[in-house]
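Visitor: Using the numbering used here, read the sequence shown as starting at 16 and increasing by one per residue.
Be careful, since some hints might not be right.
What the hints assert, rightly or not - Cβ pair distances, simulated, as ranges:
id, residue 1, residue 2, range
1, 61, 35, 15 to 23 Å
2, 22, 55, 44 to 52 Å
3, 61, 37, 16 to 24 Å
4, 70, 17, 34 to 42 Å
5, 30, 68, 19 to 27 Å
6, 55, 20, 46 to 54 Å
7, 58, 20, 42 to 50 Å
8, 25, 45, 25 to 33 Å
9, 57, 23, 44 to 52 Å
10, 19, 64, 36 to 44 Å
11, 26, 51, 36 to 44 Å
12, 18, 49, 40 to 48 Å
13, 45, 23, 46 to 54 Å
14, 57, 26, 36 to 44 Å
Claimed, not checked - Dumping the calculated EDC-like pairs for lysine to aspartate or glutamate here, alpha-carbon to alpha-carbon at most 16 Å:
id, residue 1, residue 2
15, 44, 61
16, 44, 25
17, 44, 28
Calculated directly from the structure, the hints in this document are not laboratory data. Remember, predicted model here, so these are calculated numbers, not experimental data. Note that the Cβ used here is the ideal one computed from N, Cα and C, for glycine as well.
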Amino acid sequence: MAQWEREQAELAEAQSITLQWLQAIQFAKQTGEQLALTGYAVESIELTTTAAKLECNPPGEFLQILLDWPKPQ
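Sequences and hints are given; from them, build the entire structure.
Guide: Quick look at the structure:
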């Protein structure tokens with residue numbers, strides 16, 4: 016039972032990290048678009064670049080949890 020609870024806790028943590036990561040990407044994209052519409056081109060480009068970097072580079076701890084996750088039998 017303890018093993019199952021530990022696995023469920025790890026899964027919940029991975030899901031939480033994933034959600035935070037996706038929210039950060041969405042926030043950066045929306046803010047970049049809003050800045051572009053109001054004429055702040057440089058800041059908009061910086062946030063767009065940040066969003067792209069987040070999409071390409073998920074947090075290391077998230078990747079490690081996925082790599083360590085038991086494979087289905």
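Visitor: Compare the structure with the hints numbered earlier in the document and write down the numbers of the violated ones, lowest to highest.
Guide: 13, 16, 17
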